[in-house]
Amino acid sequence: MKAARFHGKRDVRVENLPEPDRDTLGPHEVLIRNRFCGICGTDLHEYAAGPIFIPTQPHPYTGAKLPQVLGHEYGGTVIAVGPEVSDVAPGDKVSVQPLVSPRDDYFGRRGLYQLSDKLGIVGLMWPWGGMAEYSVVNHYNVFRMPDSVSDEQAALIEPTAVAVYAADRGGVKPGSSVLVTGAGPIGQLQVLAARAAGASRIFLSDTNDNRLAMARQLLPDVITLNPKSDDVVEAIRDQTEGHVGVDVALECVGAEAALATCIEAVRRQGVVVQVGLHVGKPAVDGFTVTFKDIDVRGSWCYSTLMWPRVASMIGAGILPAEKVVTRRIRLDDVVRDGFEALLSPAGTELKILIDLQ
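Residue numbers are given in my numbering: position 202 of the sequence shown equals residue 202, and the series is strictly consecutive.
No lab work stands behind these hints, which were simulated from the structure alone.
Glycine included, each C-beta is placed from N, C-alpha and C at the ideal position.
Treat the hints loosely; a few may be bogus.
Stated by the list, open to error - Across the chosen pairs, the derived CB separations fall in these ranges:
hint : residue 1 : residue 2 : range
1    : Pro-27    : Asp-105   : 17 to 25 Å
2    : Phe-291   : Gly-63    : 45 to 53 Å
3    : Pro-308   : Arg-10    : 21 to 29 Å
4    : Pro-308   : Arg-109   : 15 to 23 Å
5    : Lys-118   : Asp-238   : 47 to 55 Å
Unchecked claim - Here are the simulated lysine-lysine pairs, PhoX-like style, with alpha carbons at most 20 Å apart:
hint : residue 1 : residue 2
6    : Lys-93    : Lys-9
7    : Lys-65    : Lys-9
8    : Lys-173   : Lys-118
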C-alpha cells in the first residue's frame with residue numbers, strides 16, 4: 001500500500017509498505033480502508049521543524065517511532081475486525097478518533113483519556129496513520145457514521161471536535177460575544193463552533209487578509225479585524241454592550257501577542273481559552289488577569305466521547321465543517337500540493353484533504 005511517512009524535517013516520502021494482514025488482527029483491533037485524510041497544523045509543524053511529537057525512540061505505550069505514517073484527521077470503511085470487536089463491522093463507514101491511551105490509569109478510569117500521561121496519537125505516535133491506503137486502530141478509535149455524514153465530513157470530525165470542545169471550555173452559550181484569534185483552519189472552525197453554540201456576535205482577528213476574506217464567506221456576519229491596521233481591542237469594545245469587551249476569547253494561534261489581545265479584549269469575569277499550542281513559554285499579564293477577575297483555561301484536544309455529538313452537528317448542518325476545505329489532492333502529491341502549499345505565506349489554503357481512492 002502507499003503511505004506518506006515522516007523521516008525528518010522536510011522529509012516526507014510516499015512509500016510502498018506492506019498492507020496490514022486482516023488474519024492477524026488483535027482481538028480488539030479494526031482494519032480500515034482509509035478514504036479522506038486532512039493535513040493538520042500539527043502535521044505541518046512536524047514537516048517544517050520536526051520531529052516534535054513524533055518519537056525518535058519507541059513510545060512508552062504504543063511502541064511507535066520514526067519513520068512515522070502521518071495523518072490523524074481521517075475516516076474510511078471497516079474492512080475487518082478482531083474477534084472481540086462488536087461495535088463496528090465490515091462495511092461500516094467510520095471516523096477515527098485518534099487518541100490512544102490506557103483504559104485503566106487514573107484518567108482512563110474517569111473517562112478523561114486525553115489527559116493520560118501515556119497518551120499516543122494515531123498518525124504521530126502509532127504504527128499506522130491516515131495518510132495511507134489502510135490503517136489498523138483499536139476498537140475504541142472508530143465511530144460508525146450516520147448516513148447524514150459524508151466521507152469528507154467524516155475526516156473533519158477530529159479538527160471540529162477541537163473547536164467544539166474549546167467552545168465548551170469557554171462556556172459559549174446563546175447570546176455570547178466571542179473573539180477568535182487566528183483565521184487558520186482551527187480558527188475558522190472555531191468561528192463555526194461558536195455560532196453553533198449560539199454566539200450572536202463573533203470577532204475574528206488575523207494578520208492575513210486572504211484568510212479573513214475566507215472567513216466572511218463562511219460566516220457573512222463575522223466581524224474581521226487585522227491587528228496590522230485595526231486597534232483590535234478598541235474595535236471590539238466599541239461593538240460590545242457597555243464597551244466592556246467579549247464574554248469569551250479563544251486563542252487559536254499559539255502566539256504571545258494573540259494571547260495578550262484575548263486578555264485585553266475579554267470583559268471582566270470573562271473567559272480566555274488557550275486553544276493553539278505555544279512553541280515557547282509566553283509572558284502572561286498576571287496583573288490584568290487578576291484585576292479583571294478573568295479565567296484563563298487550557299483546551300487540550302477534546303473528550304474522546306464527543307464523536308457522535310460532533311458528527312450529528314455536522315450531519316445536521318449546524319456546524320458545516322466542510323466549508324473550510326479549499327483543496328483535495330492525491331497522496332502522491334502530498335508534499336508539493338499539501339505541505340508546501342500550506343506553508344505558503346499567501347495563506348490561500350485552509351484545509352487540504354487527501355483523497356486516498
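> Is the straight-line distance between the alpha-carbon of Lys-65 and that of Lys-9 20 Å or less?
Replying inline: Holds, because 15 Å separates the two Cα atoms, which is no more than 20 Å.
>> Can you tell me whether the CB distance of Lys-118 to Asp-238 sits inside 47 to 55 Å?
In response: 48 Å, holds
> Could one say that the CB atoms of Pro-308 and Arg-109 fall in the range 15 to 23 Å?
Replying inline: 22 Å, holds
> Given the proposed pairing of Lys-93 with Lys-9, does the C-alpha separation stay at or below 20 Å?
Replying inline: 34 Å, violated
> Per the hint of 45 to 53 Å, is the separation of the Cβ atoms of Phe-291 and Gly-63 within bounds?
Replying inline: 49 Å, holds
> CB of Pro-27 to CB of Asp-105, is that within 17 to 25 Å?
Replying inline: 21 Å, holds
> Honestly, do Pro-308 and Arg-10 meet the 21 to 29 Å range at C-beta?
Replying inline: 38 Å, violated
>> Against the 20 Å threshold, does the CA-CA distance of Lys-173 and Lys-118 hold or violate the hint?
In response: 33 Å, violated
In this structure, the hints that do not hold are numbers 3, 6, 8, in rising order.
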